[in-house]
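Asks: Following the hints, position chains L, U and V against chain X.
4 protein chains.
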Amino acid sequence: MSMPTPLTGVVPPVCTPLTPDREVDVPSLLRLVDHLVQGGVHGLFVLGSTSEAAYLTDRQRRLVVESVTGHVAGRLPVLAGVIDMTTPRVLDHVRAVTEAGADAVVATAPFYARTHPAEIARHYRLIAAASPVPVVAYDLPSSVHTKLPADVVLDLAAEGTLAGLKDSSGDLAGFREVVVGARTRPDVEDFSVLTGSELIVDAALEVGADGAVPGLANVDPHGYVRLDRLCRSGDLASARAEQERLCGLFGMVTVGDPGRMGGSSSALGAFKAALHLRGVIDCPATAEPQVPLSAAEVERVGKFLAGAGLL
Amino acid sequence: MSMPTPLTGVVPPVCTPLTPDREVDVPSLLRLVDHLVQGGVHGLFVLGSTSEAAYLTDRQRRLVVESVTGHVAGRLPVLAGVIDMTTPRVLDHVRAVTEAGADAVVATAPFYARTHPAEIARHYRLIAAASPVPVVAYDLPSSVHTKLPADVVLDLAAEGTLAGLKDSSGDLAGFREVVVGARTRPDVEDFSVLTGSELIVDAALEVGADGAVPGLANVDPHGYVRLDRLCRSGDLASARAEQERLCGLFGMVTVGDPGRMGGSSSALGAFKAALHLRGVIDCPATAEPQVPLSAAEVERVGKFLAGAGLL
Amino acid sequence: MSMPTPLTGVVPPVCTPLTPDREVDVPSLLRLVDHLVQGGVHGLFVLGSTSEAAYLTDRQRRLVVESVTGHVAGRLPVLAGVIDMTTPRVLDHVRAVTEAGADAVVATAPFYARTHPAEIARHYRLIAAASPVPVVAYDLPSSVHTKLPADVVLDLAAEGTLAGLKDSSGDLAGFREVVVGARTRPDVEDFSVLTGSELIVDAALEVGADGAVPGLANVDPHGYVRLDRLCRSGDLASARAEQERLCGLFGMVTVGDPGRMGGSSSALGAFKAALHLRGVIDCPATAEPQVPLSAAEVERVGKFLAGAGLL
Amino acid sequence: MSMPTPLTGVVPPVCTPLTPDREVDVPSLLRLVDHLVQGGVHGLFVLGSTSEAAYLTDRQRRLVVESVTGHVAGRLPVLAGVIDMTTPRVLDHVRAVTEAGADAVVATAPFYARTHPAEIARHYRLIAAASPVPVVAYDLPSSVHTKLPADVVLDLAAEGTLAGLKDSSGDLAGFREVVVGARTRPDVEDFSVLTGSELIVDAALEVGADGAVPGLANVDPHGYVRLDRLCRSGDLASARAEQERLCGLFGMVTVGDPGRMGGSSSALGAFKAALHLRGVIDCPATAEPQVPLSAAEVERVGKFLAGAGLL
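Read top to bottom, the protein sequences are chains X, L, U and V. Under this note's numbering, the residues of the first sequence are numbered 1 to 311, in order. Under this note's numbering, the residues of the second sequence are numbered 1 to 311, in order. Under this note's numbering, the residues of the third sequence are numbered 1 to 311, in order. Under this note's numbering, the residues of the fourth sequence are numbered 1 to 311, in order.
With the rest of the complex left out, here is chain X (with noise of 0.2 Å):
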């Protein structure tokens, strides 16, 4: 299928089950891309940040995406994540993603590489003109150390470079820039603006987002779902109380010992063992480098799934 146009809704960032040798556990995968289908969202995002696409090899990031693509067989959207460093690299992954059937790919700024504004522009018109399908841009600054600027990302949609923009800055002030510029500039046509903040999804929707990828989702769907409709349907307190409900949920990143792992290793092995608690995933290991969670740590997971009313 092709990407809707606008995209809209839930469009979880999918996660990756690994085996415990660190292998793709494909039946896993599967088994969660239809737990988020079965929990109603729109759209899936797969080899993104919560994908750990970072930590994929390319060898299993076309198994992710073919295995997916093969298994959704058009239901929803799948788009999938092209993160590498610079142009060249990019490329390569877009044309692995294409041919395993990708309906959009999302790509960083260059990053590692020192990079400039006009650089970025020339590395999505590159990226825009070598790919069959539409090219949504990811503005992740914890990750790749720039922001996107809200000028930048417009020019390129009213070029038609861009046909989204997926934004994890936690900048509302910024999104909103980008969003009102969408629906403002006349050259600007059918431009999808998807937030990646979890926490304020109902906040992001209320200034006009089109949709949210929201990496809780993958233990929640239907909870990002039943906000998202809310949000549409008007009932702003409801939503609310939804959205707060999730950010308790969210709690769960942070049951990782900082002294013996980092943020990634936390909140990724938090979201696993929440789907290997659920029963959607057998195994709940996360990629090299990453520590795993403790037991105890896996308990307090269980704590926040229970307190969600999730287990």
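Don't take each hint at face value.
As the list claims (entries may be wrong) - Some chain L residues judged to face chain V by a derived CB distance under 10 Å, without partners named: (1) 170; (2) 171; (3) 173; (4) 175; (5) 176; (6) 199; (7) 203; (8) 204; (9) 207; (10) 208; (11) 225; (12) 243; (13) 283.
It should be emphasised that the hints constitute simulated quantities derived from the structure, not laboratory data. All figures in this text were calculated on a predicted structure; none of them were measured in a lab. The beta-carbon is built from N, C-alpha and C at its ideal position, and this holds for glycine as well.
Replies: Chains L, U and V only, in chain X's frame:
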């Protein structure tokens, strides 16, 4: 050949000449290698940041290593960067570059992914366990956004995980902590400490560095080899004069208009323009999405060469 | 008067008009206060960042507080910033502004000095112990280079050290954590949570903020008061439209040429130029070493005013 | 006396001893000055970062300068920090410290306020215009969050605005750019370049620094004076050994538990504990809100002193 213990002297990070359509220009690359070898360098570091490794596809990376190791044929050690985001992806590069003949691999801490000292240690241990050749840590906080802690490096040296450090942090005090620790800790043996700070090679050698990995040595290998020799002979006044001449030459990295391009486009563009002007390589193109220098900017590179007596 | 519990509504950080020779222009300051009071604001915050507190001498700071509290005469609460590097220096400001009649003090975490959550807590406890009026924490990471952790803020609220938070971090997810904690933690009572993010006041109120401290309210107090009223009445479509009009007006902060001046010169210069163009203050001068706007840049400020229906 | 041209040798940033109730302990301060003078230092820098200037009230700052200049009575130059956020506030300090007898003032770029190179230049020009004594720029990016650009410093030196630079950035390459520029630019005369990096004083002198401002010289002035002499005599092997002994001693700055306090509490706490253990000052208290060292941490400071032969 195997990596010497310790690795000393000048080990340039070799630029990767490209054709106008951004393919690896192997004949130019081999001429550049000859230019460096004739300049008297003591080793070669391919696929480093100055080599635009972040911009090269896996196919191009492999071609670079194979071409250089084949051409050098054991006359001097060839270190190869395995720059990627996390352990599983780095391991794929380790396999590729060692099959292509690299004598050592050079790896950064994880990047893009959030990380932690415990995860950095785990990362290097997994790399060392998988690598048939020595592992050198690459400290480049401006790209990696993490500084390798001196105690982590020394502990990994002591346990035999790391064979050396290439420090491009610019932090000479932290560098000295590793140098002194490597010399005085009884549990650390045969650890090579190299500086990547081309403007203070004299000072780094003075505090006890084994060698240097200066990007500018592509342009003037004779200068850095002379500097290395002067430092080792104790003729510090002449060493300082030579280093200051090289600092003047390094000014070329600022020729690019910062309104039009980033620091990488300017610096790598200048190095390649200089190599082109000196007749070493056929084409000064840098990889996408870097912005090319203008004719006027290239002319200013020529003036830096002339000022340093190289044209 | 004492600070209301909670403090709600619009509490502008009051600009400090200066004479051409950079003395506090008291008549203009009082006219600005009248302009704000007539606009319907619910409190005044003097000596904040928008007030150029960082640029005012101690004598000037005292003059500002005395002038405003004397003029306001208890009609609405006057909060005063006590912005300085560390506890002993802040305590001197607490003494000065409370002697001058401030109803609450607003203090950042320590800056310039390296700090730590335990030291931040100690800092606020010492301030609260010495202050005869309530203490509001001021979270401004772009200036202070530390983010106030939500749990530290809530613990200090619970123990009665802090009476409120002014959050100018731009991080709505973190802001929400304080808002929700203040509402749900049984040990926290009467804590006021205010946003300083003038571009997302509607969203902040929607997640539960008590009020807002928008710098742009100097220029258009009626607009922010209207926005506050619309949000509280539940007319979110109109609220969003009003907020977007204000976002458009806020564009004035970028009129200054970034090659010639910093962001503060541009933003504060624009606010003061707007107040001058609107006839509220006599002179648009900003404090040294800020760079004045050019005539052309001031003209662009006028266009923003016209575009928002304010001229 | 007036500041020598250039200022050379060891110029310690003098710690400010406090009483248990955090008042300036003048007798201890004067004993510390005697300890430094007897150690052979070449000047004194009061109200620097190591002096806890950021923590001292204006009254305390004035007392420090008056006490030290009165006691020194022209035997060696006394530089005084004028650390504050912006020009108007710094000018108040300039007035205070020069009335109190300072021979030069040491000023950072603006901080807290966002700034720009043009504003930094304007800042120093206004300070120089108002100061009856020479102005030294203080580059401390870890506190100020701006790096002084080498070309701005050199241009201000050329026009006579700046008489010197104290560089605590840790960036020896940037430091060298100023050193070489000061020596080779025909328009720059009598400019003093001092390093604040106590772990690489030998290297800084080797690249051409005029002198050093090492915080650790409070604890071991004889060591730094010896190091300075060895470097100047060309006995680099002995210089390196002395510097490495001092680096070992510097390890004391890490005694504080990072879970309980920040880096400043630990480092300044260790310096003061060392001065107390050596019998120079009466009380090791640091200013609020710094966290005191525990008895066990003080004991570790003692071990560092013993290890360096100072107890």
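Asks: Under the constraints set out in the numbered hints, which ones does this structure not fulfil?
Replies: The structure breaks hints 11, 13; every other hint is satisfied.
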